[in-house]
Amino acid sequence: MENSHLLTYLLFLPMAGSLFLLFLNKNRESLIRWTGLTVSLAAFMLSLLLFLNFNGSASGFQFIENLPWISSLNVSYHVGIDGISILMVMLTTFLTPITLFSSWGSIRKKVKEFTFFMLLLEVGMLGVFVSLDLFLFYIFWEAMLIPMYFIIGIWGGEKRIYASVKFFIYTMFGSLLMLVAIIWLGVYAARFTGVFTTNLLELYKVGPFLPFGIQAWMFLAFLLSFAIKVPLFPFHTWLPDAHVQAPTAGSVILAGVLLKMGTYGILRFCLPLFPQSALEFAPYVSVLAVVGIIYGALLAMVQKDMKKLVAYSSVSHLGFVVLGIFALTTEAVQGSVIQMVNHGLSTGALFLLVGMIYDRTHTREIAKYGGIAKIVPLYSVALMIASLSSMGLPGLNGFVGEFLILLGSFKSPVLNSWGFAVFAATGVIFAAVYLLWMYQRVVFGEVKHENLTGLKDLNKKEVLVLIPIFVFIVWIGIYPGTFLKLSEQSTNRIIQQVSVPGFEVRPVAAGK
Amino acid sequence: MVNYIYLTILLPLLGFLVNGVLGKKIKNEKIIGAIGSGTVGLSFLIVLVAFFQTLALPAAERRQEVELFTWLSTGGLNVRFAYLVDQLSLVMALVVTGVGFLIHVYSIGYMHGDGSFWRFFSYLNLFIFAMMNLILANNFVLLFLGWEGVGLCSYLLIGFWYNRKFEKGTTSQAAKKAFVVNRIGDFGFLLGMFLIFMTFDSLNFQEVFSKAELFPVSEKVFSFIALFLFIGATGKSAQIPLFVWLPDAMAGPTPVSALIHAATMVTAGVYMVARCSIIFASAPVIMTLIAVIGLMTAFFAATVGLVQNDIKKVLAYSTISQLGYMFLAMGVGAFTSGISHVMTHAFFKALLFLGAGSVIHSMHDQQDIRHYGGLKKYMPRTYITFLIASLAISGFPGLSGFFSKDEILWYAYAHGNIVFWALGVLTAIMTAFYMFRLVFLTFYGKEKFSHDLHPHESPSIMTLPLMVLAFLSVVGGYIGLPAVFTGEGGNFFENWLSPVFTSAERKLEFYGSYSHTEELLLMVLSVAAALCSIYFAYFIYTKRQDIAERTSRKLRKLYNLLLNKYYVDEFYEAAVVQPLQRASETLLWKFTDSRIIDGVVNGAASLIDRTASLIRRLQTGVAQFYALIMMVGIAIALFWIIISL
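If you're matching them up, the sequences are chains F and X in order. Residue numbering for the first sequence follows the working numbering, starting at 1 and increasing by one per position. Residue numbering for the second sequence follows the working numbering, starting at 513 and increasing by one per position.
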């Protein structure tokens, strides 16, 4: 399957779908909805084909396609995936149809435009995960902002304009510095190879030989861009605003996939391109990650709005992912990769559930609920499973990621201190506090508000939306091997790339 | 059957799924109850067969492993779903499935008529599933799965009546408290696992323990590992300082208190310490710490138990106290005695709780013992079995608690010191006192309840389990008859378990020999003290209750201190919970996040905005203004050129 065009098909399918939508009459809403769902499901099928034909024992990129594009800049259409990107691609194609389907009930105005933007968004996200050319990557990275901007700005809540502008400008700001670094890197590459290039695989060979002073600046420029996207403390304040204002589908995609682009970017670009800087800055970034874990959790604890609570919990969870990445042990990085998927599933489920109850009561304020366990038992069970998954109960997916990350960073020779894992592990306690506390106030107790008595339980469609997510929540929790095996070789390759001569990433049992 | 040991885990899981998914449709309590108890009963039979099969093997071959599939494998980590069947796990499994089965059966009667009957049984089965994973795991991570799993079930079952009030709050608050406090312990357990993995490169019991025995690892590392693991144990097994959740856990239905919060789950910490005995034995400092914490917990919990008026509260503090004994045993290296006490305690404490449940049932949810009295003649079976259990826990000679407790006390003296022993005996005296205070206030004396309550004996589906447990409380101790009665090497229980603890005991190297006369003398002393205490309780609570009242009035301050459980809850609330919450809300959220961090972000935006609107003023659109600027510019340029000439 090396020479197949699967990735190109995958990229162009949603794009073609979105273009096709333009020709449909906007009043034929159900046709539009079905088209969107069919296209996104087809994309998921294609990614399954990728999965089936993927060779997990190879560490390099597969399904590579490389065509010259802008020859004067030596830019090419260069795509390919490794064990990490395939997981991200599958997460994207998995969540897109789910969110599209889930918004059949909640999105009632401008259905055509909404579906159009969602499919376009999928193209952008997929592009980010498969690009092997920095120029191409940058285009997808920025292009993806546009549909998201509209999704928040048109279908969002009351303060949607503020939120969408903040989201757009904040992330854009970080990206511009990255663009400068990309050009700088390409120019530098010319000194080594004779030509300006943005080919990632070529640049991997150049990056480690940059003078440290220059490399560090490039590293920081890339990192800033990714840190804002993650978001890493203290660059997180756009996130609660964006989440609270975004429609459910937007929140799910935002938390499920968009944030992962930041951590993915760190893994794909920051570490292998600038290994010395990555090692140098690892402890500092990890401190921010750990602060984010605790800070996000404490803030989640005191939120009064359910969506904001989940948003801050994302800050905490993504802190784990960043910590794992910079711990640079196989266990930790593997944990981070699987945790990216996990967070997409569990936070996705939480946002969907918050959205479902919001559709019924039009409030997300925790204090407006209480005692709904008896009224909506199915919903209560679903919310319980999603919460348990999010707080890392063993047997469900969240535990696998958190455990590997903490285990790996505890013994990490790069971080070289227990401290990181010890403080990070307190996040496990706080996660139980904020989630169970929310659950207690929303679901348990006596029914305090009369408008809740008539609440309808989950309908078949909503159950259908949640079940696939729960299947994977249990699957990854019990048998994560399916996914861990996919990424192990790629993870090891990245760690190898970072362990440049002069600094030895010592194997196990080193440190204190 | 050993190879099919995983069935004992799958069956309860199946029961959980069937009752959980279909229970609402089944509706029929008999079917639901039969599914719930049947799966556990079958599991018990499987364990029983496995036990006898293992017994038939020579001692060296009794350790067997059953592998299922790989769970977590990446980098240097390789964790499997694999089960360890050995002497220790078999004992625990027998207790859990055996006592568990009886409690399931009892629950059919106790929960009769409850709207969520099916939910109760599915949770109960889920608990057995998790507990069996905890016990049978062959590695730390799988044990942790069970460990958190039982915590979840405990959470779900404490908050089972989720819309009820409980004391100052609600049942769901109590449930959340239990989970969170346990999570604090789990935090320690996690760190323990990380350090173990870093040190021994594995999380598999077999590998870790054999390396722990042979590797030259510093005592400091061992101490840290042992300390972390013990923090985990203090959470799950309700020891100082993390015991505060257990009294609140009484918000759950009484069979839950019997199963989870007395007989099985709370002993998980003791089991874990016993399982890791070689690690603890390599960290003598922590061993001493465990003994001291255990003893302190035993002592303080007993003092609180003296004055509580809620029947379940008394039993809850009694459980904490007895768990303290078990940790005392662990701390002085008497692993077998500790596990023996786990077993006998499971019998008599489950019986006490179920008996209390029977009383509460007949008193229509009244739990205050001051409103009982004279129930003996109304509920004879409950009375007799409750009495037997009380005698057993008080260490009445010949009953199960006597053997296990006195063995612990003896080792506290032999491996520890006389202070350990003395405090242990003092605790035993208080135990006998509060238990018989309960017995006399409940079953003897004037009837202090209103007679429209019509107290009655519980149905036989509830009393039968009581009788079985009463039987076990009587004879349960005889498999662990101390050597002092049977001669050297005559303790069956010790012989059975000793291979599990050999390496730990080798490391501890107990010196000094003690005569059996000494042991007998101490035993007689403690028994005499306990018997006096029972008589004292009898005297006060049936004859001269005014003494109790007068004493409590005279020692008002002490009495209130005990009644309010040393104000530990209030202290935690004021010192940890409230400050954390308030600081998070005001300092972190409203100030740091909104004002500072987001302030900078929005400030940057508005700075650009403001600068731009300043600069914008230059673009007036008036041509004369532009001309003026141009002239000025030319003038400056000319001036510059002339100067630089």
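Don't read these hints as lab results, they were simulated from the structure. Being a predicted model, the structure only gives us computed values, none of them experimental. Idealized CB from N, CA, C, for every residue including glycine. Among these hints, one or two may not hold up.
When the alpha-carbon atoms are kept at most 25 angstroms apart in a straight line, the in silico DMTMM-like pairs for lysine to aspartate or glutamate are as follows [to be verified]: (1) X:Lys723 to X:Glu1097; (2) F:Lys159 to X:Glu679; (3) F:Lys448 to X:Asp626; (4) X:Lys537 to F:Asp457; (5) X:Lys677 to F:Glu365; (6) F:Lys374 to X:Asp1110; (7) X:Lys677 to F:Glu450; (8) F:Lys368 to X:Glu679; (9) F:Lys456 to X:Asp626; (10) X:Lys677 to F:Glu202; (11) F:Lys485 to X:Glu579; (12) F:Lys448 to X:Glu679; (13) X:Lys889 to X:Glu1000; (14) X:Lys1069 to X:Glu959; (15) F:Lys485 to X:Asp880; (16) X:Lys680 to F:Glu446; (17) X:Lys1102 to F:Asp305.
Computed footprint of chain X on chain F; a stretch qualifies when at least three of its residues, placed anywhere within it, have a C-beta under 8 angstroms from a C-beta of chain X [as the list claims (entries may be wrong)]: (18) 15-27; (19) 205-219; (20) 289-296.
Against the structure, the hints:
no., hint, verdict
1, X:Lys723 to X:Glu1097, "48 angstroms, violated"
2, F:Lys159 to X:Glu679, "42 angstroms, violated"
3, F:Lys448 to X:Asp626, "23 angstroms, holds"
4, X:Lys537 to F:Asp457, "17 angstroms, holds"
5, X:Lys677 to F:Glu365, "23 angstroms, holds"
6, F:Lys374 to X:Asp1110, "40 angstroms, violated"
7, X:Lys677 to F:Glu450, "20 angstroms, holds"
8, F:Lys368 to X:Glu679, "24 angstroms, holds"
9, F:Lys456 to X:Asp626, "24 angstroms, holds"
10, X:Lys677 to F:Glu202, "67 angstroms, violated"
11, F:Lys485 to X:Glu579, "20 angstroms, holds"
12, F:Lys448 to X:Glu679, "19 angstroms, holds"
13, X:Lys889 to X:Glu1000, "46 angstroms, violated"
14, X:Lys1069 to X:Glu959, "30 angstroms, violated"
15, F:Lys485 to X:Asp880, "58 angstroms, violated"
16, X:Lys680 to F:Glu446, "15 angstroms, holds"
17, X:Lys1102 to F:Asp305, "14 angstroms, holds"
18, 15-27, "violated (count 0)"
19, 205-219, "violated (count 0)"
20, 289-296, "violated (count 1)"
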